[in-house]
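Visitor: Chains as they are written, first to last, in the working numbering: chain U, 1 to 271; chain L, 1 to 255.
Any given hint could be a false lead.
[Claimed, not checked] In silico DSS-like pairs for lysine-lysine, Cα to Cα no more than 30 Å straight-line:
#, chain 1, residue 1, chain 2, residue 2
1, U, K150, L, K103
2, U, K204, U, K21
3, L, K159, U, K21
4, L, K7, U, K86
5, L, K7, L, K159
6, L, K103, L, K180
7, U, K86, U, K267
8, U, K140, U, K150
9, L, K180, U, K150
10, U, K150, L, K7
11, U, K204, U, K86
Derived from the structure by calculation, the hints contain no laboratory data.
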Amino acid sequence: MSKPALIAKAAPEAPRPLLAKLDRVSMQYASGTLALSETSLDLAQGEFIAIVGPSGCGKSSLLKLISGLHPAASGTVTVDGQPVTKPIDICGMAFQNSTLLPWRTTLDNVLLPLEIVAPHARQMRRNRSEYEDRARAILKIVGLEGFERKYPWELSGGMQQRASLCRALIHDPRLLLLDEPFGALDAFTREDLWEVLQQLWLDKRPTVILVTHDLREAAYLADTIYVFSPRPGRIVAQTSVDFPRPRTIDTTYRADFVDLVHTLRTKIARH
Amino acid sequence: MSFLNQKALPWVITIGFFAVWELACIVFHIDRFILPRPSEIAVEMVDKWNALLINSLQTFYTTMAGFAVAVVVGLFLGMLVGASPTVYRGLYPIMVGLNSIPKVAIVPILVIWFGIGTIPAILTAFSIAFFPIMVNVATGLATIEPELQDVLRALGASKWQILRKVGLPRAMPFFFASLKVAITLAFIGAVVAETVASDVGIGYLMMSASARFDVPLVFAGLLVIALMGVVMYEAFAMVERRVTFWATRSSQSAS
Ligand SMILES: Nc1ncnc2c1ncn2[C@@H]1O[C@H](COP(=O)(O)OP(=O)(O)OP(=O)(O)O)[C@@H](O)[C@H]1O
Ligand SMILES: [Mg+2]
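Excised from the complex, chain U in its bound form (with noise of 0.2 Å):
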């Protein structure tokens, strides 16, 4: 684990090791629509991008591809060198619409990682109220300590992607893919949020894609934020952000950090 540079260069110091790769990548669905087109993208592992674009532009799609939850039409996508041809196991997923099971309570589906991935799903059974402290520790962080044993139709749209962002991280995975998991949230606990994802992600350094509408958010998480163009997503500007970490609230009213904003806003509003 590399110590995070106070004031990191846009060139970052050696290139780190890739975890992900697009080579011009296509996707189409059934229907006929193309949701990318010849999308070329490096992820280095332990990096944090963030995905901003116009809406229907690709980026849920593009997570989708990743994950391998949705095959490529032309063009490879690779990760950890081996390409991917069906769903991989390294990577907790927070979708963007709530898809928690509604026959689970909160607790249930914040654990329904354990059961399922690797090294945990075995030991599930013997080690069951270690990983329910687990559970309701980060449920504690995200603010929902309490509404354990609520069910998903019991909670507030925020709350459920709250807790969603709970069941993506449970596992500690290596590739975190969020989509617009604050989307749903008031302004002000969606920055207590940034913070607790960004101490995480300065903790255990896992590779995230962000996907957001929020250019603060995009400014305030990542190392890199790439913008789409209109569908079919196309990348069509990539900046590398370089603020000191740990970023604040502070950070966000900070000159340059409102030019940034403001580039990234006109970026999307040219194309």
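Fit chain L with the ligands to the given chain U structure using the hints.
Guide: For chain L with the ligands alone, kept in the frame of chain U given last:
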């Protein structure tokens, strides 16, 4: 107030139904060999309670046995058909064809194979009850939201794990809804088989009573059948509410 109505309504209607029946028989001087009054049927039920009990226990037993087999077979075939469109397409014509055959028509065949008595009743109950179970389980599995499956696929889950963690729980409301229907159908199947080919059971009791023109006893048998049907339906409705509350939750349910 409206809560009281909700609770009382079924009782009021049921009692009203029998009251109207009783009154109609008295007012129109209907002969007890055509349509006995409910009070006469009640007296008959008390008089013949022993025969009614023995025979309804037999019917209950054949119904439950046929129903149990139907649950196992229906669940299994439903999973098979629901999980694989190929199996569905392959089995579809045979399944629909078999289900279209009136079950009374197979009783004589069952008698040739197994003789008169319990086995044909069980098999008839089974054959009529398993179809709705199979169809419902298959529907439940086939209509799972792809998003829910993706949650597990994204974790690298196997087909079997997806079936266990998402498919089956998701199909449970469908399964339990079908049980209510299946138990009443099984009951009908058992009684039908008994009327044609048995020497015991409520169906047989009614047949032999009608041969003796013991009309009140025939109606007593009918009433016992209806009563058992209501009880069994309600029992499974209760199980359904318990197990699949998450699917039938109402927007105003307080918790
Ligand atoms: N399951 C699907 N089947 C067919 N077409 C789809 C499907 N999912 C998405 N699409 C189409 O693919 C395109 C890209 O969708 P995608 O969900 O990736 O957009 P997005 O960038 O995530 O948008 P948003 O910001 O609104 O979430 C859209 O035009 C959409 O209509
Ligand atoms: Mg999306």
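Visitor: For each hint, tell me whether it holds in the structure or not.
Guide: So, going through the hints one by one against the coordinates:
no.: 1; hint: K150(U) / K103(L); verdict: 46 Å, violated
no.: 2; hint: K204(U) / K21(U); verdict: 22 Å, holds
no.: 3; hint: K159(L) / K21(U); verdict: 27 Å, holds
no.: 4; hint: K7(L) / K86(U); verdict: 54 Å, violated
no.: 5; hint: K7(L) / K159(L); verdict: 45 Å, violated
no.: 6; hint: K103(L) / K180(L); verdict: 19 Å, holds
no.: 7; hint: K86(U) / K267(U); verdict: 34 Å, violated
no.: 8; hint: K140(U) / K150(U); verdict: 14 Å, holds
no.: 9; hint: K180(L) / K150(U); verdict: 28 Å, holds
no.: 10; hint: K150(U) / K7(L); verdict: 29 Å, holds
no.: 11; hint: K204(U) / K86(U); verdict: 26 Å, holds
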